[in-house]
Each structure stands twice: as C-alpha cells, then as structure tokens.
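Chemist: Residues per chain are reported as follows:
There are 4 protein chains.
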Amino acid sequence: MHIGFIGLGNMGAPMALNLLKAGHQLSVFDLSASSVAALVEAGARSAASVAELARRTPEVIISMLPAAQHVKGVYLGDAGLLAHVAPGVLLIDSSTIDPMSAREVSALALTQGNRMLDAPVSGGTGGAAAGTLTFMVGGAAADFDAALPVLQAMGRNIVHCGPSGNGQVAKVANNMLLAISMIGTAEAMNLGVSLGMDAKVLAGVLNSSSGRCWSSDTYNPYPGVMEGVPAARGYSGGFGSNLMLKDLGLATTAAQQAGQPVPMGALAQQLYQTFSRQGNGHLDFSAIIKLCNGEIE
Amino acid sequence: MHIGFIGLGNMGAPMALNLLKAGHQLSVFDLSASSVAALVEAGARSAASVAELARRTPEVIISMLPAAQHVKGVYLGDAGLLAHVAPGVLLIDSSTIDPMSAREVSALALTQGNRMLDAPVSGGTGGAAAGTLTFMVGGAAADFDAALPVLQAMGRNIVHCGPSGNGQVAKVANNMLLAISMIGTAEAMNLGVSLGMDAKVLAGVLNSSSGRCWSSDTYNPYPGVMEGVPAARGYSGGFGSNLMLKDLGLATTAAQQAGQPVPMGALAQQLYQTFSRQGNGHLDFSAIIKLCNGEIE
Amino acid sequence: MHIGFIGLGNMGAPMALNLLKAGHQLSVFDLSASSVAALVEAGARSAASVAELARRTPEVIISMLPAAQHVKGVYLGDAGLLAHVAPGVLLIDSSTIDPMSAREVSALALTQGNRMLDAPVSGGTGGAAAGTLTFMVGGAAADFDAALPVLQAMGRNIVHCGPSGNGQVAKVANNMLLAISMIGTAEAMNLGVSLGMDAKVLAGVLNSSSGRCWSSDTYNPYPGVMEGVPAARGYSGGFGSNLMLKDLGLATTAAQQAGQPVPMGALAQQLYQTFSRQGNGHLDFSAIIKLCNGEIE
Amino acid sequence: MHIGFIGLGNMGAPMALNLLKAGHQLSVFDLSASSVAALVEAGARSAASVAELARRTPEVIISMLPAAQHVKGVYLGDAGLLAHVAPGVLLIDSSTIDPMSAREVSALALTQGNRMLDAPVSGGTGGAAAGTLTFMVGGAAADFDAALPVLQAMGRNIVHCGPSGNGQVAKVANNMLLAISMIGTAEAMNLGVSLGMDAKVLAGVLNSSSGRCWSSDTYNPYPGVMEGVPAARGYSGGFGSNLMLKDLGLATTAAQQAGQPVPMGALAQQLYQTFSRQGNGHLDFSAIIKLCNGEIE
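Heads up: the sequence lines are chains H, Y, B and A, in that order. First residue of the first sequence: 1, per our numbering; consecutive thereafter. First residue of the second sequence: 298, per our numbering; consecutive thereafter. First residue of the third sequence: 595, per our numbering; consecutive thereafter. First residue of the fourth sequence: 892, per our numbering; consecutive thereafter.
Derived by calculation from the structure, the hints in this document are not laboratory data.
A few chain Y residues facing chain H, derived, Cβ under 7 Å:
id, residue
1, Pro396
2, Ala470
3, Leu503
4, Ser506
5, Ser507
6, Gly508
7, Arg509
8, Ala552
9, Pro558
10, Leu564
Here are the computed lysine to any residue pairs in the SDA-like style, where the Cα-Cα straight-line distance is at most 20 Å:
id, chain 1, residue 1, chain 2, residue 2
11, H, Lys72, H, His84
12, H, Lys246, B, Thr847
13, H, Lys246, B, Gly843
14, B, Lys884, Y, Arg574
15, Y, Lys587, B, Gln872
16, Y, Lys369, A, Met991
17, A, Lys1181, H, Gln278
18, Y, Lys369, A, Glu995
Even for Gly, the Cβ is constructed at its ideal location relative to N, Cα and C.
Work the whole structure out from these sequences, hints included.
Modeler: Here's what the structure looks like:
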C-alpha cells in the first residue's frame, strides 16, 4: 500500500520504519532534513511539502506531531493537507492532542469527502521501535477496519474507542489515571519505607492487594524494587515528566471544557508542574517520587 | 489449640467462627452480650472480663477492635490484658490502628515476656466469613511462624511485613494507595464519559493500558461496567466510605509523624471527609464517584 | 465625546448608562434588541452591526463581552471591528478574558494603527450601576491617560498595570487569590465553629490577626457574622460561583501556558467545579462554605 | 504579683523578662541551666523542679512549651504541676497545642480546684521581646479578667475566645488561614510576574482589591515588594516554615477529630511538608514562594 507519513520525530521515525519493513511504499515529509534523509536511506521517498505529499495521492496518510497547533498547521490553511488531498484518502492522526481539536479537524476532513481517524498511541519510543504500540482509535467503524492492517504494522493492541475524538479521550483519561496512580504509588512507597518497611516487601504486599496498579507492579518508582525500569537507572529513558505534564494539561483543559471536576488529576498536573519547574522535566515520570523524598537519587 | 478472642463485631465474629470450625477451643469476650451468646451457641466459652479470659491462659489471644483507643483500653491498665496474661502467650492484634500505637503496645508486651504481632486484615466482612482474609503481619519471624496455622484458619494470604508495627504500616500504605486509585479511576471514568465515551469501552482501554489498577479492573466504580460490585447495586455493601476515611486518617497522621509528604493521600482524605459530611459515609467507598458527578444514582 | 459601546449585558448596560449620564454621545450595539432598546430610550443611538458602529467613527469604542471567543468574534474577521474601524480610534476591551487572547487582539489592532487597552473590571453589577468599578488596565501609558476620563465615568479606581494584556493578568491573579482566600476563610470558620467557637468571635480574632483578608473582614461567608453580605441573605446576589469558576479557569489555563505551578489555585478551581456540578453555580461565590458544611442553609 | 514561669525558650525567655520589667516577682523553671541563669541575672528566682516552683505558691503560673507532650509532661503525673500546686492558683498555658489536649489538662485542673486558661500567642519572637504579642485566651470569663493585667505586661491584643480550649481553636484556625493566604499570595505573585507584570504594581492592585490579605499587604513574599519583611533579607528571621508546618499539623488533626473537611488547609500542610523535606524548614514561612519558583533566591 502507498502510505504518506508526516512527522518523523522520536516516535514518528520508528513508526515509519516499521511500515517500510512491513512492505509498504512510503512517502514522507518532515521539516528536519536529517530526519527525512534517514527514512529515504531506508527506502522511503521524500516530499518537498505537505501539499506535494498529498498530491501524490497515497491511499493512507499518517501524521505524528507534537501538539494541536502543529496538527492544525499541517491539516488546515491553503498549504495544508485538506486543501490538497484527494477525496477518499484515509487520514490518520496519531498525535496526542485535545479531543476538541481532533473533532474539529476531523469534521472538516469528513465534510470534503475524506475519511479521518484520531489514533494516539501509548508505549513510548520503545514500543514505537518494537512495533508494539497501543493505538486508541476514534472514528467510523468502517474506517477503523480499513486502518487496522496498517496500524498492525506499528502496534499490537489496536482499540476502537468510538466516534471521532474518542481515541484522544481514551488517551487523556488513561494518562491522567496513570499519573495519579504513579504519584499514589510513590506516596505509598515513601510512606511505608519512612515508617520502617523494606521497599521490596511493601511492593509485594501492594501488588497482591487492592493497591495493585500498573505503576506498582510493572513500573515501580522506588529504586531497588524492580529491574529494567527507569527507577533502576536513575530515571533516565522512559516517558519524560514533561510529556506527562503535557498530557495532564490536555486532561485538565478537557475537564474544564466538559465542566467535569478532576481534583486528583488537577493536583497531579500541579505536582508535575512543580517538579518540572524545579528542573526535573527531563527525567522519567516515575521520578516524581523524588519531589517528596529528597533522599532518593 | 486453646485460643482467646476479644472483639466479636462484624469482622471479629465470623473470624472467631472460622477458628471454631477449624477445631480450635475458643474463649471469647465482648461487651455485647448478644455477640457473645452467638459464639457460645456455636461452641465457644464466654469470659466475664478481659482479665478472666487472660487468666484462663489460652496459648494464643486474638483481638479485633475498632480503634487504637479500644486496643489500649483492652491491653493496658490494671484490668487490661497485659496485667493478667501469662508470660509466653502469643498476642495477635488484628485491629487496624496507627503503627505508633501498635509499636507502643507491642513493646510493653515484649518487655513482660509475651510475644506480640500486629496483624490487620483486608478483605472485609465477606472475606472474614469465607476465611479468605489477607493478613499483613508485623513482629518477630518466629512469632509469625507460630501464628501462621492459626491465621490460616481465617485467611488465605498471610504476609510477614517485618518487625513490630509493619503490619499496620503495610495496611495504611495499601489503603491510602487504594483510595487514591479509586478516586483516580472515578475521575478518569467521569471525564471519559462526559467527553463522549462508552463506560465499558473506556474501562476496557484502561484495563489493557497503563491506567490499569484494582479499582478499574476488579471494583470499577462506574455503574454498568461490571457485575457483582457495589456500583452494580447502588453502592450498598462493600467497604464503607467512613471506614476508608478512618484509614486515610491513620495514613495522613502517620505521614505527619514521619515528616513524609503525601499530597494525594491528604486530598483523598479531604474528599472522603467532604463526601461523608454530605451524608454519604455509609455507602461503599467506590461511591466517591458521585461526589463529582451528580448524575450517578 | 462620541463613544461606541458593544455588549449591553448585566455589566455593559449600566456601564453604558453611566457614560450617557456623564454627557457622552453614545452609539451602541448588541445582539439583543431589547437591550439596545433600553439604551436608545436613555439617549443612545443604535447601530445595526459592529461594522456600522465602527464606520460612524466614534473616538473611543468600548466592548464588554462574556468570553474570549466573543471578543475574537467581534474584533476579528471580515465583519469585525478591526476591519471597519478608522485608524486612531481608541479601543477598550473590558471583557475578562485570558491574557494571551487579549495580547493577540491588541497586537492586531496596533498593527493597523489603532490604539487598544484591555481593561477588565471588578466590582460586579452593583459597582457597574453605581459607577464605582475598579478598572485594571493594560496598554501604553499615553493610551491609558487618554482613556482615563472615559473610564472615570464608570469607575472609581483606575489602575495602570503595564503593557498590553496586563489588565487581564492583574484580574486573573487577583481573582485567583480571592477564591483561595474565600475558601480558606470558609475552612477556618467551619473549623473553628465545629470546635466550639462562636462565629462572630472567631471572625473578630481573624480580622485583628494575620489571617485577616477581604473575604474575612468585608465579605465573611459564615451566616450571622456580618450584615449586608450574601451570607446574610441565603447567598443570593453578589458574584456568582459560576463566574468565579470561569475566572479560575482563565487563571489555571494561563498558569499552564506560563509553566507556573498554582496548586492552591487549581484546587480552588476544582472545588468550585464540584460545587457547580452539585447544582450550586448560581449562588454567590461565598456559598462555597456549604460544600464542606452541610448544616449551613 | 508573684508569678511562676515554666519554659524559657525563644518565646518564654523574653516574655518572662517583660514580667520582671513590669515589676512582678518571678520564679522560673527550665531544663536548660543557661536559660535559667539568664533570668536569674535579670532578677528572677530559680526553682529546682516544677514541683518546687508549684510549692512556692505563686499566684499565677505561666507555661510556654513546645508541644502537647511537654505540656502533659509538666502538668500531669506524680512530679507534675497539678500534683503540687495549691488550690486557687491561676494556671496559664501559652503553648500552642491541640485544643483536645488543652481541654483535657484544663478539665483536670478545674476538678482539683485550680483555674486554668489556654492562652497561645501570635507575634513571634519579635512580639515577645517588644511585649506586643496577641494572646488568644480560652477559659472562664472571671479567670480571663484576673489574667488580663498579667498578660498585658507581655502583649497588646488580648482576646477572650470563649471557654476552655478556644484559645487554641482560634490560634489553629487563624494560622491555617494564614498559611493558605500566604501560599495563595505566593501563587498570585508568581503567576502575575511570570505573565509579565511588575511585582510592585501587582501587589498594589491586590492590596486595593478583593485579593487583599495580611500576607499581601503586610508580609509580601515576593522579593522587592516591601522593606523590612523576610522576603527582603533572603527569608531569614520571621516565623519559620517548620513552625507553620507544626501548626498546620495541629489544624488538620483537629479537623479530622471534628469530622470537618479543610481541603485547602490539608494542601497547605502538604506543601509545607514538601518544602521542609526539600531542606527549607528553617526559612521564614513566606519562603514557600520558592517551592513553585526556582528563580527566587
């Protein structure tokens, strides 16, 4: 299949490579010449602009961009994707943006006869490289079915979350809960250890009890509890605190728009903002345990 | 084995019955005559006072009381357990109290030649009746080994958490994390549904992603997502919000004593306090989802 | 002076009337025919559109609109104010909106040779009617001086807060602190009374000590402490909780954009959102004391 | 008048000196020999123990101790004040402790025929030296009247807050509101400055508007806004963050006992705990502005 790919950053580049590996024909665009060059070397064709990429009429176009403003920049306006893409092309935006913006762009695409899915991912750069991402997909069922074989070249768990925008909704809801559970796990571990418990024993109790969560049993933030997690290597790698902060911003803003209280989510946003302001935004998001515990290195 | 049992409330009574069923000889004490009568009918001998029960010199004495003040009332003072129990008797307090008080009582017991374990439970009245409680045990390893066969008559998962007081530490750390995850799950479910997602689909996404936790996959608070949980029956039964509020009080007080910040735990305590103050303390703790969502019945 | 006025709602109408009373010539526009009719009866001329009002070339145009989207709707686009206003006209937006939007509109106005001030107010409908509003003004010093006589017809305290957007910054900073102090006062009063103090005596102590604030000494939320405040009349009138919620949304969003933690401000936003979600958004913002105290009517 | 004074720390010593200056006869006790020596040099007589001081039967005995455990240690037990003081002596405890403990000790004193007041102070070591403390007094009106001339030698503002314990209630309610307003002021100042406002201009707006509070107009935490406050000297001197943390602990614990939600108070407690844990407990409590703003020195 001929696929267009826009946005070759830390996530987009390995995703695009997996499409090539799966045998797809690929046209790519990015503002960074070196990012484009790496994909061309792997077998992709470069496009000089979004418009040129669109005019080649690939069957599917995938975008992977940092924020809503970039998505609007790529899709809208005279030089944008929607102004140049042929009717019937399936558009898939894998950026993580707010649901309202996703629905706005998708409504415009549908109006002019394109199909569009929002399909944000989880799994990080590791999952992008390994082709094991989770895709949370919003849009029409038929479009989801059409996209499935393409997405399966990049991910393992592909979930249809309902109509347009719902992929973004699922993503922000999940990541808000993840941030809350991570800080909760950090507090429980700090509290238990400060009161005299061994960290590994405590984690064992939590993981076999009702406190069990992904942050405690798969990604424990306390050093020495697990191997192979960021806590075991000084909180390098993983999913950065600043990225979590961005997702919490999307969640609390969406909650404001919906008139929905999220007191824990808002506190999580503030704690990550404080942690970031103290100079730790580059550390994995499990490093938030250090905000309340100066003894952890 | 001859076992003494003090405190025959909603938890203590079914625990004591399971000891009888396991073939143990039982002496019991409670201030409520009817509670005592029920156990006597099932085969236990009653004692007129804590002191009398102690003087019968059972090999093991178990207590199950509402709060630290009751534990101190039963164990300390001229009429208390410690003043009348024979040296060498193994004392097991299964009440949920603060770790400091547990350590204080246990230190006094050890000083006079008794052995003592703190062994709070989780699993609720259902687990007490079915004999499937989890015991989180603090105290010497040899005492833990001695207590194991007795505790196995009442529970399934018996965990040694380290020295004296650590059973209580594990309990408050776990329940604090549980409260945080439950409110986090409630917020994520409310947010997703208010933004247009189907509750079951959203729970499915969370449970296969990094937001997964016991509160989302085993005890989901959103009505219609799961069968057999309090959310499926108007939040009756289960673990009451006021009991969770009590445990959060223990956790935040212990954190104060340890100089350990627990911002999420403290917010959880305040939200349950608000929910209780609004007249909902008798509802299962998953009903906290109603605090921020007036549309859920 | 010939003044144009756009937006004749609860605030705009009495402000416009005060301009008439001060002897100014007034052209007005509003989507509501009845709002326009009331001003026409008082001596204003109506305009059929924003564009028509602009083409009459008043010396000053004032707008008073509910939110940023309305301000952008009125100022931008082919039918908007900026497209039709003559160069040199002084534009004053008294709406409360986010500083970023205020700066965006003002930058466009300056580019095309207009002068523009953001001048949000405090003082409510009472202050608007009495002409005692406070204006927090952002923009060039010369423009502030030019606007002063006009603003003095509507307000008493006119403060220059610095360059464009700073009026909005001062407004959101002040109202965020107001919300925090109000909830803090409510908590201190609830706590003291629940521990046995007389509300009036407690307020007296706070007001002569370091807890003193506008919410405690001028607008006390506890019933029976002061006369003439919303707490003395069932929390009717005053500054609605939903309006405070809107301002807290502006504050927390601006904080996100600035990367600035505001944990108390975010919690205040969540508590007002919860209070609103429970059906109390129409009550004065001091009614937040009821969120944590079910006994206050 | 012959007055006994127990507790000659940073606060107690200057208070005792002011009693001497006012012409009172003074007997003093403290565990620190050097603290006692300083008072003896100034004209006081030392007592070898609390019991000896009590047996000298001064007309009034004042205590100024760090925490409830010390108050109970001094007043209760075989060697304690209550066991040795003559009936009729007026006891005044100026320590800041929880209201429950204050009421417990005072009830015992009354039972045996003594009169007792709780009379915690505000004003810090500066106010203690200058004799300008505020006393918040709980106890019988007649006892308050009797104590007034004595307290006026040490303070300026002496307030009767109602029956026993109410002095402590007023103190914790005031200081909780103070902490909330201080953090709120810090957030508003940080937010405004990060969005482009001059700190002095912003403080001016707040202080003439509804955001006005003691923390903004008398003790502003932003450097450069005011002279003579801790923010003007690197946050040295003043009222230490760890002392505020202690008072917030008393407030939140009292709120738990009263079943009263104080979400802002609890968050303030957590923020000061975090600030303290990060190594800043010795700084004035207005330094909390640095928690969320790494650029302030």
